Amino acid sequence: MAQDVDIILSRPKALSDNITHYCPGCTHGIIHRLVAETIDELGIRERTAGVAPVGCSVLAYNYFNVDFMEAAHGRAPAMATGFKRLRPDMIVFTYQGDGDLASIGMGEIIHAANRGEKFTVIFVNNAIYGMTGGQMAPTTLPGQKTTTSPLGRDVTTAGYPIRMAELLSSLRTPAYIARAAVHDPMYIIDAKRKIKRAFSYQIANKCFSLVEVLSTCPTNWGLSPTVSLEWLEKNMRPYYPLGTFKTPEDEVEKK
Amino acid sequence: MAKKLMKGNEAIGEAAICAGATNYFAYPITPQSEVAEYLSRRLPEVGGVFVQAESEVAVGYMLFGAASTGKRVFTTSSSPGISLMQEALSYMAGAHLPVVLVNIMRGGPGLGGILPAQSDYFQATKGGGHGDYHIIVLAPSSVQEAVDLMILAFDLADKYRTPVMLIGDGMIGQMMESVEFPEQYQTPPSPKEWALTGAVGRKPVVIKSLFLDPIALEKNSLELAKKYEIIKADEVRYELYKVNDKNKLLIFAYGTMARICQTAIDELEEEGIGVGLFRPISLFPFPQKEIYREVIKPNIKALLTVEMSVGQMIEDIERCIVGQKPLGFYGRTGGIVPSPDEVKAAVKKQLGLGK
Ligand SMILES: Cc1ncc(C[n+]2csc(CCOP(=O)(O)OP(=O)(O)O)c2C)c(N)n1
Ligand code: SF4
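So the protein sequences, as listed, match chains A and B.
With the numbering used here, the residue at position 29 of the first sequence is 29, and numbering never jumps.
With the numbering used here, the residue at position 301 of the second sequence is 301, and numbering never jumps.
Just so you know, the hints here were simulated from the structure itself, not pulled from any lab data.
All values derive from a computational prediction rather than experimental measurement.
There may be inaccurate statements among the hints.
Chain A side only, calculated, beta carbon under 10 Å to chain B, not exhaustive [to be verified]: (1) N65; (2) V66; (3) K84; (4) M90; (5) V92.
List time: in silico DSS-like cross-link candidates among lysine-lysine, alpha-carbon distance up to 30 Å [said to hold, decoys possible]: (6) B:K203 <-> A:K196; (7) A:K13 <-> B:K203; (8) B:K71 <-> B:K208.
Computed footprint of chain A on chain B; a stretch qualifies when at least three of its residues, placed anywhere within it, have a C-beta under 8 Å from a C-beta of chain A [unchecked claim]: (9) 48 to 58; (10) 63 to 76; (11) 85 to 99; (12) 192 to 199.
No residue lacks a Cβ here, since even glycine has one placed at the ideal position from N, Cα and C.
Work out the full structure, taking the sequences as your base and the hints as a guide.
Structure below.
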């Protein structure tokens, strides 16, 4: 018990001492911590390499205490592929936003998943382009106002938001695909479990793994941090159901 | 090793293996798909890695990730595919990553055609991606030279931590010639403390091209510039053919175009017209001083640049000769290769020898 409290109160070794640049109340920070705790608990810090995206988490390499590379917008899965194929003994993860992964990087993520590349993707879905100032993302909800959809997302011209976890789990190649959220302690615990499971599959050299994490962007949603948490629960959760969409074990059962 | 008869595309793949580069990422495109076909068979035999990527965009970044391990990595492609890699080239140059690319050029712009061309000279030598950067560009004129330069490309990439591109036209890829591979190639020592190997007993290493602080970004650009100055001083390569103190005209041509010019020069010699050839082998760094030195020789009355393009290298020649002598141009493009007769006619015209 005392040890647990220690773990909860101390900084994970996989997190650096740098102060993050994230806006007050942004949940990117929580997700960083969950990844770092996972790395510590699995004892893989010294053999982990991360890939940072283009987006608000572009400086993720400043916050993790592991080797890192900085990708071009959307290309993190290709970089992770190149790295992991040459260093299968290392643990590789990408950390990507929804513009990065579901828009400009759609080709790279689908094909990395389809090849069954053995790295882990932490996919942060905040339904908006955070870094560039709140433009519409492929994940922006129907009717949601952004700086490039001032009247709300019009599904007749922009289509419906893409559910990446479902899309990727439709691929035949075995994978671990789950969706979690971090707007409430109960969900944070679940998110941590899923992230840890994703890394564990990689350590076992089993399959591609991805956890989509529903996250907030108080700044560009134009809401306070607490109202943002409620907005996520009320608007994002119904459209983006949480759960485990695919595991490599399902595949074995289906045969 | 005994001489072997090999097609250029396959020899290029084998040369990479010879240089210890067994990590290859590619997307099929004519006229060089044979490299991937050859290596998909060959690399498993030597414990290498081949990934057929979903696009050349992905190839560019697979190279980035793979090069970050510190191992030797490469790709081969042709013009439209190389265009898609320009973003990654800019990122890799900015992040100081060693990587080798081969462009077996075909006619452009756009989808263009599939026949040989030299119309990607600007893209290769002036930087097709964004930002203050260059890459080393080497242009072989025979299959043997493609092998030798391919091996050199990996050494230069490691030495200067930079992308290096081998550019050849479709003929280099398709030609069958006898080649010899070095028997005892040794990788020159190049410490790779910058590679991502896991933060064991050291601070984490980050490979990136992002510098939000303008002072830091300028510093990175100046470091690149300094590197290019050293490359310009130490890595210029060129070849002279039949250059003497009697020739009235000097031709500039690179790659297989230079070989066609050699044939024209031999035939002109028989007609009593003395012509020399200056063949740049490194297109970046460009043999600027060496060209100037040849051009100002008193016997040289006129100059001619011959290319399989509408005129790209000629802009670098103009820069080198600073108006010293009259410079003419002959080129065909779109996959049409100038014949020795066409070159001969262009030489005579430039010398004012009538039709
Ligand atoms: C090729 C390219 N196009 C556009 C951009 C500009 N850009 C930077 S971040 C970004 C969107 C990031 O949004 P998201 O992936 O959702 O991450 P978030 O900032 O919300 O965490 C864009 C469009 C870029 N850097 N590169
Ligand atoms: S802009 Fe949004 S996603 Fe980016 S740091 Fe601020 S709150 Fe977080």
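- Query: For the hint on N65 of chain A, does the least C-beta distance to chain B fall short of 10 Å?
  - Reply: holds, 6 Å
- Have a go at the V92 of chain A hint: is there a Cβ in chain B nearer than 10 Å to its own Cβ? Nearest chain B Cβ about 8 Å off; hint holds.
- Task: Take a quick look at whether K203 of chain B and K196 of chain A sit within 30 Å of each other, Cα to Cα.
- Result: Holds, because 24 Å separates the two Cα atoms, which is no more than 30 Å.
- Status of the M90 of chain A interface restraint (C-beta, 10 Å, chain B): holds, 6 Å
- Satisfaction of hint between K203 of chain B and K13 of chain A, Cα-Cα up to 30 Å: holds, 12 Å
- Query: Within the stretch 63 to 76 of chain B, is the number of residues with a Cβ closer than 8 Å to a Cβ of chain A three or more?
  - Reply: Holds: 9 residues of the stretch 63 to 76 of chain B have a Cβ under 8 Å from chain A.
- Hint status (Cβ of V66 of chain A to nearest Cβ of chain B, threshold 10 Å): Holds, because the Cβ-Cβ distance from V66 of chain A to chain B comes to roughly 5 Å (cut-off 10 Å).
- K84 of chain A as an interface hint toward chain B, with CB separation required under 10 Å: holds, 8 Å
- Message: K71 of chain B and K208 of chain B were given as a pair; does the straight-line alpha-carbon distance stay at or below 30 Å?
- Response: At roughly 17 Å apart (the allowed maximum being 30 Å), K208 of chain B and K71 of chain B satisfy the hint.
- How about the stretch 48 to 58 of chain B: do at least three of its residues have a C-beta closer than 8 Å to a C-beta of chain A? holds (count 7)
- Task: Examine the stretch 85 to 99 of chain B for residues whose CB is less than 8 Å from any CB of chain A, and state whether their number is three or more.
- Result: Contact hint for the stretch 85 to 99 of chain B vs chain A: holds, 4 residues under 8 Å.
- Query: Within the stretch 192 to 199 of chain B, is the number of residues with a Cβ closer than 8 Å to a Cβ of chain A three or more?
  - Reply: holds (count 4)
Violated hints are absent here; each numbered hint is respected by the structure.
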